[in-house]
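Novice: Chain residues, written in single-letter form:
Number of protein chains: 2
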Amino acid sequence: MSLLVIGTLAYDTVETMHTRRADVLGGSAMYFSIAAGQFVPVQLVAVVGKDFRPQDIELLKASRVDVSGVEHAEGRTFRWSGRYESDWNTRHTLETQLNVFERFDPKVPAAMRAANWVFLANAAPRVQMRALEQVTKPKFTVVDTMNLWIDTARADLLQLLRKVDAVVLNDEEARMLTGERNLIKAAGSVLGLGPRYVILKKGEHGAFLLGNDVHFSLPAYPIDEVVDPTGAGDSFAGGFMGYIAEKGNVRPETLRAAMLYGTVSASWCVQGFGVEALSGRTRADIDGRFDELRTICTIG
Amino acid sequence: MSLLVIGTLAYDTVETMHTRRADVLGGSAMYFSIAAGQFVPVQLVAVVGKDFRPQDIELLKASRVDVSGVEHAEGRTFRWSGRYESDWNTRHTLETQLNVFERFDPKVPAAMRAANWVFLANAAPRVQMRALEQVTKPKFTVVDTMNLWIDTARADLLQLLRKVDAVVLNDEEARMLTGERNLIKAAGSVLGLGPRYVILKKGEHGAFLLGNDVHFSLPAYPIDEVVDPTGAGDSFAGGFMGYIAEKGNVRPETLRAAMLYGTVSASWCVQGFGVEALSGRTRADIDGRFDELRTICTIG
Numbered sequence: 204m205s206l207l208v209i210g211t212l213a214y215d216t217v218e219t220m221h222t223r224r225a226d227v228l229g230g231s232a233m234y235f236s237i238a239a240g241q242f243v244p245v246q247l248v249a250v251v252g253k254d255f256r257p258q259d260i261e262l263l264k265a266s267r268v269d270v271s272g273v274e275h276a277e278g279r280t281f282r283w284s285g286r287y288e289s290d291w292n293t294r295h296t297l298e299t300q301l302n303v304f305e306r307f308d309p310k311v312p313a314a315m316r317a318a319n320w321v322f323l324a325n326a327a328p329r330v331q332m333r334a335l336e337q338v339t340k341p342k343f344t345v346v347d348t349m350n351l352w353i354d355t356a357r358a359d360l361l362q363l364l365r366k367v368d369a370v371v372l373n374d375e376e377a378r379m380l381t382g383e384r385n386l387i388k389a390a391g392s393v394l395g396l397g398p399r400y401v402i403l404k405k406g407e408h409g410a411f412l413l414g415n416d417v418h419f420s421l422p423a424y425p426i427d428e429v430v431d432p433t434g435a436g437d438s439f440a441g442g443f444m445g446y447i448a449e450k451g452n453v454r455p456e457t458l459r460a461a462m463l464y465g466t467v468s469a470s471w472c473v474q475g476f477g478v479e480a481l482s483g484r485t486r487a488d489i490d491g492r493f494d495e496l497r498t499i500c501t502i503g
Numbered sequence: 204m205s206l207l208v209i210g211t212l213a214y215d216t217v218e219t220m221h222t223r224r225a226d227v228l229g230g231s232a233m234y235f236s237i238a239a240g241q242f243v244p245v246q247l248v249a250v251v252g253k254d255f256r257p258q259d260i261e262l263l264k265a266s267r268v269d270v271s272g273v274e275h276a277e278g279r280t281f282r283w284s285g286r287y288e289s290d291w292n293t294r295h296t297l298e299t300q301l302n303v304f305e306r307f308d309p310k311v312p313a314a315m316r317a318a319n320w321v322f323l324a325n326a327a328p329r330v331q332m333r334a335l336e337q338v339t340k341p342k343f344t345v346v347d348t349m350n351l352w353i354d355t356a357r358a359d360l361l362q363l364l365r366k367v368d369a370v371v372l373n374d375e376e377a378r379m380l381t382g383e384r385n386l387i388k389a390a391g392s393v394l395g396l397g398p399r400y401v402i403l404k405k406g407e408h409g410a411f412l413l414g415n416d417v418h419f420s421l422p423a424y425p426i427d428e429v430v431d432p433t434g435a436g437d438s439f440a441g442g443f444m445g446y447i448a449e450k451g452n453v454r455p456e457t458l459r460a461a462m463l464y465g466t467v468s469a470s471w472c473v474q475g476f477g478v479e480a481l482s483g484r485t486r487a488d489i490d491g492r493f494d495e496l497r498t499i500c501t502i503g
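Just so you know, the protein sequences line up as chains A and B, in that order. To convert a position in the first sequence, counted from 1, into the working numbering, add 203. To convert a position in the second sequence, counted from 1, into the working numbering, add 203.
Pairs count within a copy or across copies, as identical chains cannot be separated in the list.
Each computed EDC-like pair below joins lysine to aspartate or glutamate, with the alpha-carbon atoms no more than 16 Å apart:
(1) K310 <-> E336
(2) K388 <-> D290
(3) K340 <-> D368
(4) K388 <-> D374
(5) K253 <-> D226
(6) K388 <-> E428
(7) K388 <-> D427
(8) K342 <-> D368
(9) K450 <-> D490
FYI, nobody ran anything at the bench for these hints, they're computed from the structure. Quick caveat, the model's predicted, so the values are computed rather than measured.
Just chain A, with the same shape it has in the complex (with noise of 0.2 Å):
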């Protein structure tokens, strides 16, 4: 039931219509792995700086994350800022610095080649693919992109999608993929690429799986009060990930459950700045969310 991720820490800067917040503890990986850490130990394949702080390797060490995957490289931690708009959907992207991310060759540690589960969280299809043709033999590969890759790497990433099981996508990302403005055609055009299941994020408005097995779709769980929406997205893969590796499969009614955990873990994540407010939430706290949706949800 080992679960592995490949992907970014990074500190984030953040401007909200409300505040800024500078050097935030973030990265795909980041976000992925303490959401996923509350189902299953997470081992983590990622590159920081010298100027990481030890306390935020305590943190995921306090979140049953394996970080002897994770790379000390000379030079500073890869660091993104962004300003949201009063929507929350719109979010411009200050300034990027890839700094150790740059020349990130990701190593797999030879004792965790054998994982089963593996997450292959944002990043250039290239590194995706380096980072997968070092595990052995995966039940269950799941793959996250973004536009930038989309447009500037489209042949490494379609090469990509012919190997994983899945992909998770917010809906920009899948019209740019496949040219299709309605969400149904574009989710059955992306299983035309190569994987087996798509997950199609909405942000506000749910989520839904597309499969040869399985269509669900769900709202998703209602917030009063958005503080950060970064690592959403992440957190879902986190929870939906993290969910299948503690139950071992991914028959449809399990898919169906994680997709309400990965929104469950996104609820906590946009709660609050970072991780900070998606670090720490008990089992009882996850299950909780997860029994008030599923009540949201039934029909009776």
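Once you've looked at the hints, dock chain B against the given chain A.
Specialist: Then chain B, alone, in the frame of chain A:
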């Protein structure tokens, strides 16, 4: 189980990115009546001009709609024309000709005043109130409105909201009415204005129902090809109220199922211009789509 609707019958001119259609049979009460008539007989109070086509009255009759409350006035029928942008969510009103609707003073025929289930389709709140006052003892009254009235007749609308059981709003209207950006908060604020229930429609993103004894959220029925979204909200209301009138109660389980039926009626509506695709649906068509939607939404 008598279901009464007061609203508009209209001829619309609709421009989509694909085509333009003039004099399409429409109006809030038209969509509502056709959708609701697939569940129970409908009593309709409306006004048309001398130009209203006899075959359109025949269509209503054939759809189980009692048209004895339709007034035939001097002048032309209400006309609306609008254009949809490619995302379908942005609609530009090009022209509104109130025509006979301008002086509409709704007269509910004596035989219809004992209606149990009442839908006040979109109209000036003062007109809606005039109609409601003539109904002797409604069991469940639902009101629809639009940005125009929230803007220009807020006091009348607030007064009306204290007299009804439920209100249907789209996301933009809920935000305008309450000043709350967050839809859950907005829905909560609407309940503070009087209604026991608020139905919040989010177009392709589904809808939710909030009340003291129920909170239910569901995605839209997935549609490959939208032809014309005009009337989707009124068709939703028609399926919703039609099912409630058929069941004869507003228990939480009835309301939840009614949300699915509303979603199904809206899904048929958007697949054709005017009521072309909605009209003529059999109960088997409707229940088939209801079952599909239930499958997509069922957690397991």
